[in-house]
Amino acid sequence: MTDTPFSRKILNEDTIIINAGRQLDNNNAHEMVETITGAQSEGYKFIILDMQQLEFISSAGVGSILGTIETSREIGGDIILCNASDTIIQVLEVLDLADYLTIRSDETEIAELCSTKG
Amino acid sequence: MQLAVDKKNKLVVPDDLSNDNLDRFYSRLNFLLDKKPDEIELDCSRLQRATSTHINILWDTRYSCNEAGIQMHLVSISESLLRVLKVLDLYGLLVGQEDQDSESSERRVIPEIDPDNNVIEIEFKATSRSIRSSIVKLKDFLGKPNLEEIFILEIETIFYEVATNIRLHSQISDKDLIQLTVTLYSDKIVLRFVYPGISFDPTARVKEYDPGALIKQRQKRGYGLIMINRMADEISYERTDNDLNELYIEKYWGGSYD
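For the protein sequence lines, the chains are A and B, in the order given. Residue numbering for the first sequence follows numbering that gives the first Met the number 0, beginning at 0 and increasing consecutively. Residue numbering for the second sequence follows numbering that gives the first Met the number 0, beginning at 0 and increasing consecutively.
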């Protein structure tokens with residue numbers, strides 16, 4: 000289930016997109032933590048986690064998001080889960096996380112969200 | 000084997016009909032009858048092949064419940080038991096009209112299960128590679144009866160989290176083998192894990208789960224047992240006489256997909 004390192008795409012000085020890949024599990028969750036914290040330390044307030052290809056997320060994968068999101072929120076930013084499939088959202092809902100995470104599918108809405116909070 | 004009874008007054012019919020197991024079964028049945036619940040569920044999930052003694056047990060239980068004015072429901076009836084009951088003209092008597100109606104309504108959401116292909120046994124090691132290849136086999140097996148995608152994902156997740164937690168907590172080596180039996184029933188799927196190592200009970204009480212607090216605390220670990228407990232409908236664990244760990248996980252077809 001090991002994925003390649005997570006690719007990044009810079010949108011603007013405040014926002015970066017990280018591709019979550021196909022699997023986010025115990026083998027690569029630590030790399031996701033490093034990718035997110037790396038982006039945060041570089042000053043990006045908004046991290047858009049593109050989940051379009053994501054087919055499986057384990058507890059470690061969930062932990063990689065939950066363990067890093069507060070850092071973004073403390074500086075007025077956020078980690079936004081983007082384009083997650085219904086099944087992945089269902090997994091997050093099983094953990095009651097839909098109310099605690101920012102989940103969006105519309106790019107315009109995401110852009111507005113980032114500019115509003117910024 | 001310890002017989003499981005949960006808060007819904009469920010009684011599991013033993014497959015192994017040793018004197019001890021029979022004594023325990025009837026002792027527990029009498030205990031339940033004394034409680035005078037509205038209903039008793041007789042879980043037939045362990046019966047792969049029904050002998051005349053098994054049928055007698057079902058009949059005894061039905062009779063005792065009728066005498067006590069308690070409703071009895073058979074659940075998790077395998078296809079082979081179903082055939083036996085119908086051949087013996089006992090289906091209507093043991094299952095009852097009410098259950099036939101509820102079963103037929105439940106069957107509207109039940110996937111197509113091939114009775115000749117409803118069990119898979121997988122033996123794997125507690126390594127990433129072995130867990131990964133086992134998931135491929137599991138998903139291939141689950142793909143055949145047209146299960147909903149989310150259901151398959153949850154079973155996959157349960158398997159993955161159990162396997163990785165066994166690796167983490169049971170202190171077994173990379174050479175030790177974990178046995179998994181997956182069985183599809185008319186109303187549920189059962190995963191049975193048997194594994195060596197020190198006692199690891201995934202059913203142990205999960206601490207109160209507060210996502211908001213955990214986010215504030217930046218907690219990255221510890222979500223696996225929560226996922227297992229939330230995605231499964233029933234979980235039971237025991238340490239066997241020969242120092243193995245045995246874990247049963249059940250998930251009903253209906254669940255949240257009705």
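Treat the hints as calculated values from the structure; they're not laboratory data. Source: prediction; values computed, not measured. Note that CB positions come from ideal geometry on N, CA and C, so glycine has one too. Check before you lean on any hint, since a few could be wrong.
To be verified - With a cut-off of at most 25 Å between alpha-carbon atoms, the simulated SDA-like pairs for lysine to any residue come out as follows:
1) Lys219(B) x Asn11(A)
2) Lys44(A) x Ile214(B)
3) Lys219(B) x Glu111(A)
4) Lys219(B) x Thr107(A)
5) Lys250(B) x Ser63(B)
6) Lys124(B) x Asp98(A)
7) Lys136(B) x Lys44(A)
Unchecked claim - Selected chain A positions facing chain B (in silico; Cβ < 10 Å):
8) Asp24
9) Ser84
10) Leu112
What hints, given by number in increasing order, does this structure fail? Numbers 1, 3, 4, 5, 6, 7, 10, in rising order.
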